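> Work out the full structure, taking the sequences as your base and the hints as a guide.
2 protein chains.
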Amino acid sequence: MSRKDLTLLTDFYELTMMQGYYKEGQNETVVFDVFFRNNPSDSGYSICAGLAQVIEYIKNLNFTYEDVDYLRSLGIFSEDFLQYLGGFHFTGDIYAIPEGTVIFPKEPILKVVAPIMEAQLVETTILNILNHQCLIATKASRVVFAAGGDSIMEFGLRRAQGPDAGLYGARAAIIGGCAGTSNVLAGRMFDVPVLGTHAHSWIMSFKDEYTAFKTYAELYPDNCTLLVDTYDTLKSGVPNAIRVFRELRDSGVPLKKYGIRLDSGDLAYLSKKARKMLDAAGFPDAGITASNDLDEYLLHDLKQQNAAITSWGVGTNLITSKDCPSFGGVYKLAAIQNEAGEFVPKIKLSENTEKITNPGNKTIYRIYEKDTGKIKADLICFADEKFDAEKDLMIFDPVSTWKKTKLVGGTYTMKEILVPVFKNGECVYQSPSVMEIAEFCKAEKDTLWEETKRLFYPHRVYVDLSDRLYEVKKSLLDQMSME
Amino acid sequence: MSRKDLTLLTDFYELTMMQGYYKEGQNETVVFDVFFRNNPSDSGYSICAGLAQVIEYIKNLNFTYEDVDYLRSLGIFSEDFLQYLGGFHFTGDIYAIPEGTVIFPKEPILKVVAPIMEAQLVETTILNILNHQCLIATKASRVVFAAGGDSIMEFGLRRAQGPDAGLYGARAAIIGGCAGTSNVLAGRMFDVPVLGTHAHSWIMSFKDEYTAFKTYAELYPDNCTLLVDTYDTLKSGVPNAIRVFRELRDSGVPLKKYGIRLDSGDLAYLSKKARKMLDAAGFPDAGITASNDLDEYLLHDLKQQNAAITSWGVGTNLITSKDCPSFGGVYKLAAIQNEAGEFVPKIKLSENTEKITNPGNKTIYRIYEKDTGKIKADLICFADEKFDAEKDLMIFDPVSTWKKTKLVGGTYTMKEILVPVFKNGECVYQSPSVMEIAEFCKAEKDTLWEETKRLFYPHRVYVDLSDRLYEVKKSLLDQMSME
Numbered sequence: 001m002s003r004k005d006l007t008l009l010t011d012f013y014e015l016t017m018m019q020g021y022y023k024e025g026q027n028e029t030v031v032f033d034v035f036f037r038n039n040p041s042d043s044g045y046s047i048c049a050g051l052a053q054v055i056e057y058i059k060n061l062n063f064t065y066e067d068v069d070y071l072r073s074l075g076i077f078s079e080d081f082l083q084y085l086g087g088f089h090f091t092g093d094i095y096a097i098p099e100g101t102v103i104f105p106k107e108p109i110l111k112v113v114a115p116i117m118e119a120q121l122v123e124t125t126i127l128n129i130l131n132h133q134c135l136i137a138t139k140a141s142r143v144v145f146a147a148g149g150d151s152i153m154e155f156g157l158r159r160a161q162g163p164d165a166g167l168y169g170a171r172a173a174i175i176g177g178c179a180g181t182s183n184v185l186a187g188r189m190f191d192v193p194v195l196g197t198h199a200h201s202w203i204m205s206f207k208d209e210y211t212a213f214k215t216y217a218e219l220y221p222d223n224c225t226l227l228v229d230t231y232d233t234l235k236s237g238v239p240n241a242i243r244v245f246r247e248l249r250d251s252g253v254p255l256k257k258y259g260i261r262l263d264s265g266d267l268a269y270l271s272k273k274a275r276k277m278l279d280a281a282g283f284p285d286a287g288i289t290a291s292n293d294l295d296e297y298l299l300h301d302l303k304q305q306n307a308a309i310t311s312w313g314v315g316t317n318l319i320t321s322k323d324c325p326s327f328g329g330v331y332k333l334a335a336i337q338n339e340a341g342e343f344v345p346k347i348k349l350s351e352n353t354e355k356i357t358n359p360g361n362k363t364i365y366r367i368y369e370k371d372t373g374k375i376k377a378d379l380i381c382f383a384d385e386k387f388d389a390e391k392d393l394m395i396f397d398p399v400s401t402w403k404k405t406k407l408v409g410g411t412y413t414m415k416e417i418l419v420p421v422f423k424n425g426e427c428v429y430q431s432p433s434v435m436e437i438a439e440f441c442k443a444e445k446d447t448l449w450e451e452t453k454r455l456f457y458p459h460r461v462y463v464d465l466s467d468r469l470y471e472v473k474k475s476l477l478d479q480m481s482m483e
Numbered sequence: 001m002s003r004k005d006l007t008l009l010t011d012f013y014e015l016t017m018m019q020g021y022y023k024e025g026q027n028e029t030v031v032f033d034v035f036f037r038n039n040p041s042d043s044g045y046s047i048c049a050g051l052a053q054v055i056e057y058i059k060n061l062n063f064t065y066e067d068v069d070y071l072r073s074l075g076i077f078s079e080d081f082l083q084y085l086g087g088f089h090f091t092g093d094i095y096a097i098p099e100g101t102v103i104f105p106k107e108p109i110l111k112v113v114a115p116i117m118e119a120q121l122v123e124t125t126i127l128n129i130l131n132h133q134c135l136i137a138t139k140a141s142r143v144v145f146a147a148g149g150d151s152i153m154e155f156g157l158r159r160a161q162g163p164d165a166g167l168y169g170a171r172a173a174i175i176g177g178c179a180g181t182s183n184v185l186a187g188r189m190f191d192v193p194v195l196g197t198h199a200h201s202w203i204m205s206f207k208d209e210y211t212a213f214k215t216y217a218e219l220y221p222d223n224c225t226l227l228v229d230t231y232d233t234l235k236s237g238v239p240n241a242i243r244v245f246r247e248l249r250d251s252g253v254p255l256k257k258y259g260i261r262l263d264s265g266d267l268a269y270l271s272k273k274a275r276k277m278l279d280a281a282g283f284p285d286a287g288i289t290a291s292n293d294l295d296e297y298l299l300h301d302l303k304q305q306n307a308a309i310t311s312w313g314v315g316t317n318l319i320t321s322k323d324c325p326s327f328g329g330v331y332k333l334a335a336i337q338n339e340a341g342e343f344v345p346k347i348k349l350s351e352n353t354e355k356i357t358n359p360g361n362k363t364i365y366r367i368y369e370k371d372t373g374k375i376k377a378d379l380i381c382f383a384d385e386k387f388d389a390e391k392d393l394m395i396f397d398p399v400s401t402w403k404k405t406k407l408v409g410g411t412y413t414m415k416e417i418l419v420p421v422f423k424n425g426e427c428v429y430q431s432p433s434v435m436e437i438a439e440f441c442k443a444e445k446d447t448l449w450e451e452t453k454r455l456f457y458p459h460r461v462y463v464d465l466s467d468r469l470y471e472v473k474k475s476l477l478d479q480m481s482m483e
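Protein chains in written order, with UniProt numbering: chain P, 1 to 483; chain Y, 1 to 483.
Treat the hints as calculated values from the structure; they're not laboratory data.
Treat the numbers as computed from the prediction; the structure is a model and nothing was measured.
It is possible that part of the hints are untrue.
You can't tell identical chains apart in this list, so a pair holds if it fits in one copy or across any two.
Dumping the calculated PhoX-like pairs for lysine-lysine here, alpha-carbon to alpha-carbon at most 25 Å [said to hold, decoys possible]:
(1) LYS322 - LYS106
(2) LYS273 - LYS423
(3) LYS370 - LYS59
(4) LYS423 - LYS348
(5) LYS273 - LYS355
(6) LYS386 - LYS322
(7) LYS257 - LYS453
Here it is, written out as C-alpha cells:
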C-alpha cells in the first residue's frame, strides 16, 4: 500500500521561515516541545497516540523533484534554497511518550531537538497527527469507561472527516479500548479486529424481513446479529429474529455468537422489552447490540437505566469526538543551543499566566505511589536532572506556586516517560503493534485513580515543576518584566 | 503523487452483505440516494463538495491480490466470492449535484444506480468523502459570509483530524469561499493559493523582536506581514513593526503588501488601537490580519464592533467545523429494478415522520423566480417526469402536506441539478478545477435570498415533492400500515 507523500503537508510559513534561516545562515540546534493545555471533553486525562505515524512521516521526509518544482513555481524561493530542500533530510533527535500512555496537560508529549530549519518544517504534520490520534484515543477511552465491561465497536467511518480520519481514527479508537472496528482497511493496515453484519438495505432488498433474516442466518450461522428495526422493532423485528433462531436451533444448527441489533428508538426501553422476549423464547444467550448516536454520556445514562445491551456500536460521536473535535496540541520553542553546546531556555510570555510556556530542554518523570502503583504526580524537569526516590522531594504547581507537595522518600517510585525515538536522524524506537499498544493502554489506565477516570468533574492529576526548573522559569519571567 | 488504495476503506458489513447477495445469486439493479437531514450549524443551506474525490475513488476501485489475501485470512469469505472480488469493477451509473452548488436537506445529492453488490460496496467511502467536504465547504461559506468582503485564509492543518482532513478540508474551504490556505500540499494538489508568513518561534529565535521583524522584512519586502504579539502587542510589537516599515520606506524599498498580524488578546480592541498607531505613523494601507480561535459567530461580532481587521486567518473551528463536526449524510435504498426493467420504489419506515425516505428513482429540479433568479424551491420528482415552466405547478411539502404552493406558469424557470457522472461504469463527467468550482459556488450563493444566508435562524428553502411522487409515497405508506 503506497503512502501519500506528506513532505509538503506543512504550513507555508514553515517554508518561508526556513528560507529566512537559510539566508541568515542561522541553523542552531533548538528544542521544540509538543504539549496541550486542556484534556478534551473535560476528561481527567488523555491518551497518547499517533507516534507510529509521526515516525513514518519523519522517515519519509524528502522533497521530490515535483515538490521542488512546485515550490519554484511560487516565485518566492531562491534557487540555492530550493537546492538545499532537494537534499533535505531530518538529522535531529526526537523524544516522545510511548503510545497508549496516559498523559496530562502542559507536559511535553514529544520533543524535537534539531537544527531550527528542520525543527520548524516538521511542526505542522507532527501536530496534525498527534492532535488527531490523541483526541480519538481519549474519546474512545471515555466511551469504553462508560460501558463498564461491555465491548465497544468503532463504527464511524462514514462520518469521519475524510479517509485518514476514518483510518487513523479507528487505530486510535482501538488504542483507547475499542474491541474492533467496522473499517476493513484499518483492519488490514493495523491488524485489528473488524466487525459488522448487515444494514437496513439488506432487509429491504428481500421480499420480507423474515426472508432477509433467514437468508442471513443460514449464510453466517457462526456470527449472526440481526438488525431488527427496519419496520417495527418489537412487533416485527424481534419476533422474526426469534422465529429464525428457533428454526436454526430446531434444524440442529448450533447457535454460537448470535443476537439482535437495535439502531433506533429508545435503546433502554427497547432493549429491556427485547431481552424479555428473547429470554421467554429460550434464547437467554442472544446478545443485544445497540447503535444510534451514542457517546459516553448517553451510554452512562443507558447503563444506569439498566438497558439490557451487551455490546455497543459507536460511530459519529466517537470518530469526530463530537463535543470537542480538536485536541489543541501546540509546538513551542523551549531552548536554543549556544556555541558552548548549552541549551539556553526560552520562554513565551502571554497575558494569560496559564499560557506561559515552560522553558528549557526538559524531560518528565512520572511519580507513582509505591503502595498502590497509582500516579501521584508528573514532574517536569531539565533533561539532565537526576532524582533519588529514597529521598524527600518537593514539587511545585507551576501556576499556583503556593501549592507545594512534599513526597516522603521511600514512599514513591519514579519513571522517565519521555523516551528516545530518533537520534541524529536515525529511528531508534520500534513501535509495538496496535493491539500491544491497546493492551499497554489498559494497564496504563490502571495507574489512574478512579477519581481521575470519572466522566464528570474528574480529579486532576498534578503536573509539577522541579525546583530548578521553577527557579529558571521565575528568573526568566522577572528578567522579561524588567525590560 | 501516489493515492492510497481505498478499495478496502469500507464497512465490513458491506462485504458480508455482498457475499450474501453473491451466494443468493441476487444482483438486481438498485437505486441508492445520498441525502442529509439537516444543514450543519443550523445553516439555511449547505454547499456540495467532494465529487472529484468520489470519482477518483470509483475509478480506482479494485481489489489487489493483497486485499483479497487479507479478506481470505478472515476466514469468513468463500473462494468463489473472493475470486469474484479479484475481478471486481464498478459497472453502474452515478448522478450527482456538481460541486459548489447550494444544497438543501432531504434531496438526493448523489444517486447510485447499479447492481446491488456494487452499490452496496461503495456506500461507506462515498459517504465519508461527501460528508467531510460538504461539511467544511458549508462552514467556510458561513465564515466568509460573516467576514463581509474581507478575505478569509484557511489555517487549520495542525488541528485537522488527520492529513486528509487537512488536505481535503483545505480544498472544501476554498470551494466555500476562502481566499487561500496555509497548506502547501493542498496548494500543490489543487492549484489553489497558499499563504503565510512567520510564527512566534521566528521572533523568539532572534535576539529581539525588532531584529526578527527587520530580517523578515528585508527577506520578503513584497509580502511582509509581521506577527506582533510575541511579547506585548501595543507596547512592543506594533511600535517595532512601524519602526521597520519606516526604515524600509526611508531606504526606498517600495511597500506593497505589508502589515501586521494579531494572534491573541481582544482582537476588536487591539486592532482599533493598532490601526490608529499605523495611521498616525503614515501607514494607512498597512493591513491588519487576525487569527485566534475565530469562527463565524466571533467574526460576526467583531465586525459589528468595527474591529479594524482587513483579513482573517481561521483555523481549528473551520477545519473541524467545531460546533457541528459531522454532516450526517446517509445512503438509502430507494428502488429495485424488476424483471420488466421498471424501478419499483422502496421506502424505509421510521417512528419519526421526518426520517421516512422518499421512494423511487428520482431527480431534482431547482425552481427559480424568473424576475430575480433567486431559488423558489427544489422539486424532487421521478427521474422520468417532465415539466413545462409555462404552466402552473402545484408542489407539496413532504411532511406538512397541507403546505401546498402554486407556482404560476411563466413566472418561474426550472433546471435539473442532478447530472450524469458515471454511465455503465465509465466516467462521463469532467470535474472543473477547484478555483472554477469556487467561482461557481460564489454565483450559486447569489441565487439564495439574503434571508437564507443569515447566520442565525435563517429562512428555510422549500424542498417539495412532485404530485406523482407524493401520491406514490402516500400509497406505499398506506400499504405498509395495512400489513
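> Does each hint hold? Answer for all of them.
Structure-based check of all given hints:
Taking the shortest Cα distances, LYS322 and LYS106 sit within 25 Å of each other both inside one copy (23 Å) and across copies (23 Å). Taking the shortest alpha-carbon separations for LYS273 and LYS423, neither the intra-copy value of 60 Å nor the inter-copy value of 47 Å comes in at or below 25 Å. Proximity of LYS370 and LYS59 under a CA criterion of 25 Å is satisfied in neither setting, with 39 Å inside one chain copy and 60 Å between copies. In this homomeric assembly, LYS423 and LYS348 never come within 25 Å of each other (Cα to Cα): the closest approach is 27 Å inside a single copy and 59 Å across copies.
Only between protomers do LYS273 and LYS355 lie at most 25 Å apart by alpha-carbon distance; the minimum there is 23 Å, versus 52 Å within a single protomer. Taking CA atoms no more than 25 Å apart as the test, LYS386 paired with LYS322 passes in neither setting, with 42 Å inside one copy and 43 Å between copies. Neither within a single protomer nor between protomers do LYS257 and LYS453 lie at most 25 Å apart by alpha-carbon distance, with minima of 31 Å and 51 Å respectively.
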